[in-house]
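Enquirer: What follows is each chain in one-letter form.
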Amino acid sequence: MNDFSVHLPILQVVIPLLAAPFCFILRKEAVVSVFTVLVGFACFAISMDLLAQVIDGDVLVYELGDWARPWGIEYRIDILNALLLVVVSSMAAVVFIAGPGQARRAIPEGRGYLFYSAALLTLTGLLGVTITGDVFNVFVFLEISSLSSYILIALGRSRRALMAAFSYLIMGTIGATFLLIGIGLMYQMTGTLNMVDMTERLRDAEQTRTIFVALAFVVVGISVKLAVFPLHQWLPNAYSFSPPLVSAFLASTATKVAYYLLIRFCLGLFGLTLVFEVVEIDVLLLPLSVMAMFVGSIAAIYQRDFKRLLAYSSIAQVGYMTLGLSLASEAGVAAGLIHVFNHALMKGALFLVAACVTWRMGGTRLDAMKGLGRRMPVTMAAMVVGGLALVGVPGTVGFVSKWALVSAALEKDAYLLGFLVMASSLLALVYVWKLVEIVYFQEPETGIERREPPLRLLVPTWILAGASIYFGVFSDFAVDVASRAAAQIFAAGM
Amino acid sequence: MDAEATIVSTALILPLFGALGVVALGRWPNLRDSWTIAIGLATFGSVARLVGPVMEGARPALVQPDWMPGLGLGFEVEPLGLLFGLVASGLWVLTSLYGFGYMRGHGEKNQTRFFACFALAIAAALGIAFSGDLITLFLFYELLTFSTYPLVTHAGTEQAVRAGRLYLGILVSTSVLFLLFAVLWTSVIAETLHFTPGGILEGQIEGKQAGLLLMFFAYGIGKAALMPFHRWLPAAMVAPTPVSALLHAVAVVKAGVFSVLKIAIYIFGIDFLASGGFSNVLMIVAAITILAASIHALSLDNLKARLAYSTISQLSYIVLGAALATSASMMGAGLHILMHALGKITLFFVAGAIYVVAHKTEVSQLDGLGRRMPFTFGAFCVASFSIIGLPPLGGAWSKWFLIQGAFDAGEPWMVVVFMASSLLSIGYLMPIVARGFFRPLPDGEEEGLDEAPLLMLLPLCTTALACFVIFFYANDVYRLLAPIVGLDGGS
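Protein chains in written order, with the numbering used here: chain X, 1 to 494; chain A, 1 to 491.
Same shape as in the complex, but just chain X:
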C-alpha cells in the first residue's frame, strides 16, 4: 500500500494518458463514457490526496525512474500545483459525467469516442504541465494539451468550428513557440532545465539582456494561452463554436493552467525582484488587466449568443486574475488563485447550462432562449446562480473573489483600482440581467411545453452551481489553500 501511494504523482498523469488510447480502441460509447468518468474521478481522488500531503508546506518530489535531478525529470508538488491539480481534475470529472448527455447532439454522429480520447489527452497535458518540475517537460505537456484541444474544438457541429480551431492552432502555436524560445534562452543562461536548479542559478546569474528577453518571450507566450487582453482574439471563437461540453471543460481548466504557469515562471523561476523591480511587468500587466475587465465585459453585453457572451466574460475574468498577480503582493496572488478556483466553478456551471440549452434547443442563440425560464426552470435556475456568482453577489463564490481582490488592492493603497474592480463587476450585472430578462420575461417563440434535459446533464450542472453557493458561504477551503499557496510561492520568489 505504501509503495503504491509513493507513485501517486506519476499516476496522476499516466492514468488519463493510458486511458486515452484505450478509449480510441474501445470506441463503444456506452462503455467509454462510463470509463472516462471513472478515470476523471480517479484523477480527482489522487489530486486531493496530493493536496492533503503538501498542504502543511512539505514539497513532494517524485523522481521519474529514480533518476535524480539534473539527470532525470522530477515532478515537484507544492501547494500551488496541488491546488491547480484539484481544480483541473475535479472540473474534468464533473464535466465527464455530462459526456453521454451531449455527445450525440453536439458532436457529429460516430465521433463520440474522439471526444473522450481527446478530452483525456487534454486532461493529461494540463495535469502534466501543472505537476512537472522540469521546464522542457512543461512545453511538451502544453503541446499535448493544445494539440488535443484543437481536436476537441474542431468537433463542433458548425463548420465555423474548423476555422475557430485553426485560428486557435495558429495562435496557440505562436504562444508555445514563444514559450519555447524563452525556455531555450533560460537554458542557455543556466545550463539546466530542472526548475529548482534553474531558480537557484537565475537568482545568482547576472541580470543580462538574455534573461530579460527570456522573460519577455515566456510572459508573452503564456499570455496568449491565458488570453490576456489584447492576445485574447482566439478565445471567443474557440469557446463559442466548440461543442458546449468542450467549452465547459476548457474554460474551467485551460486558462487556469496558463495562469498557473504565469505565476510559476514569474514568481518561482525569475523571482520577484527581477519581474517586479527590474523589468516591472506590472506596469504593463496592470493596465492590460483593467482593460480586459472592461473590454471583455462590455463586449459581453453586446453578444447575441449565450456561449459567446460567456467567452467574452471569461476574458474579463482573466483580467481579475492577472490583476491579482500584477499587484505584486501575497494577498494579490492569493486573490488571483482564489478566483481561479471560483471562476472554474461558476464558468463551468454556466457552460454546462449552455450544454443543456444546446441539448434542448439545438443552439445557444439568445433569440432561441426566450422564455426558457418556463420551459427549463431547473436549468435556468442554475444559470441565475452562475450569473449571480459572476456579478459577485454575496453568498456566492464571486463575492469571495471580489472581496479578496479589492482588499488586496486597498492594502496597497490602490483605492482607484478597487473602485474600478467594483465598477466592472456592475457590467457583469448588465449582461447577466440581459440574460435573465430574455429567459424569464420574453415570450417563447416555439411552444411552451416544459422539458428539462436528462439528469446526466442536469446533475453536473447543479453540482457546479451548488458548489458556487457552497464555497461562497463556506469559503475557508479555497481561501485557506490559496493563501498558503501564495505564501509559499512568494517565499520562494524572494
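Calculated from the structure, these hints are not laboratory results.
From a predicted model like this one, the values you see are computed outputs, not experimental measurements.
Where hints are given, some of them may not hold.
As the list claims (entries may be wrong) - Straight-line distance between alpha carbons at most 30 Å, and here's what the computed DSS-like set of lysine-lysine pairs gives: (1) X:370 with A:109; (2) X:412 with A:208; (3) X:370 with X:412; (4) X:434 with A:109.
Given the structure of chain X, go ahead and fit chain A onto it with the hints provided.
Expert: Relative to chain X, chain A alone:
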C-alpha cells in the same frame, strides 16, 4: 448554544423554511396560504420572545465563523434591530392576510412564486435586522434586493420589466460602488466590522475623509432613497399593492434607513458623529430630500405614486435624525421606523383596497368614495394623521423627538424643515380624505356601502388601530431604545 441564540436562529430560519413550504404546497392554495400565516405567526412569536432578554440588557449572538477569512457570519440582536425585526415580522402576518385577499380578488397569476419570494424577503430583512457586523448586513442587504426583484416585476409586462431594471440597477450599483467600498474602507482603517456600542471609527479617521465615508455609506444604502438615488422607489410601485405595502413601506426601505441608523450608532458612534461636524453634508442632503419629495408629492395624481414620494420624504426624517446625532434625534429616528411603518402600510393597504373594489388609481377619481368605503377611508384618515404627526397617534412621538433633537443639535433650520414637511404632508394627504368624504360621487355611480373584502379590511383596520394604540405604549419602545442612544431608561 444558549436558549436565546436558539431563538435567533429559529427566527432567521423560519421564513426560509416558510418559502420552501410555500413552493411545496403550491398546488393547494388554501393550504399554502395557511402555511404562510402559521410561519408568519411563528416567526413573529420567536422575535417577540427576544424582547424580554434584550430589555434586560442581553445581546443574544450567533456566529458562523468560517464564512470569509477573518469574517464570520455574525448575528447579534440589539434593541434597534429587534425593533426592526418586530416591525418586519409582525407586519408580514398582516400583509400576508391582506395579500391573500388582494391576489385572489385580483386573480393574479404565479401566486406561489409571489408568496415564496415574500417569505425570502422577510428572511433577508430579519438577517439585516439581526446582523452583528457590516459584512453580514451587506450579505442580507443584497439578498433582499434580489429576492424582491421577482416581486417588483411580478406582472411581467414591459413596464414592470423596465421598473425592475431601474430597481436592480440603482440598488445594486449603489451598494456595490459605494456601500461595499465603504465596508472595505472601514475594514482597512478600523480592522473590524463588528457593530460596537460607541462606534469603531473614532480616532481612525477624521475631517473630510470621515464625511466622505459617511456619504459613501448613506448613498451606498440606496434603499434609504436619498435623492438623487430615489427613482427606484416610485418605479417599483408597478408591483402588486401588497408588495408596495410591505416592502416599500416596511421591509425594503426600512431596511435601508435602519442600516443608516445602525451604522451611525454602532460604526461611527453618536459622540463621534456629533463632534466632527462632518455630517453636515448628509444633513443638507436629507433636508433637501424631505422637502423636494414632499413638494413633488403634492403634484402627483396617482395615489400610489403620491404615497411613494411621501415615503421618500419620511425616510429622510430618519436619515436626518441620524445625521443630527443627538440622543433625542436618534431616539426619534428609531421610533419613526416603527411609527411610519404602521402609518404608511395602512395607506398602501387602502390604496390597494380602493383599486380592488373600485378600480381607481388616481386621486382625482376618489370623489365621494369615502361614503361607499367608510372603514377604508376612516383608516386612511387615521394613518394620515399619524404621518402628519398629530396626537394621539404614534407619529406624534417620533416627530417630537426628532424636533427636540434638532434643537439639541443647535440646528434651527432643521426644525424648520420638519415643520415645513408636516405642513406639506397635510397638503398631500388631507385632500384625499376630503375628496372621499365631502365631494359628491361622480354621475352614474351608486351610493351605498361597497367595502373591500374582509381579508383586506381587517388588516388595514388593525394597522390603523395600531397607530392609535402605540401612542399610549410608546414608552415601552422608548425604554427599549434608550440605552443605545444614551438616554436614561424610562420616562
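Enquirer: Each hint should be assessed against the structure and marked as holding or not.
Expert: Against the structure, the hints come out as follows:
1. X:370 with A:109: 20 Å, holds
2. X:412 with A:208: 22 Å, holds
3. X:370 with X:412: 45 Å, violated
4. X:434 with A:109: The hint holds at about 24 Å.
Hint compliance for this structure: hint 3 is the single one not met.
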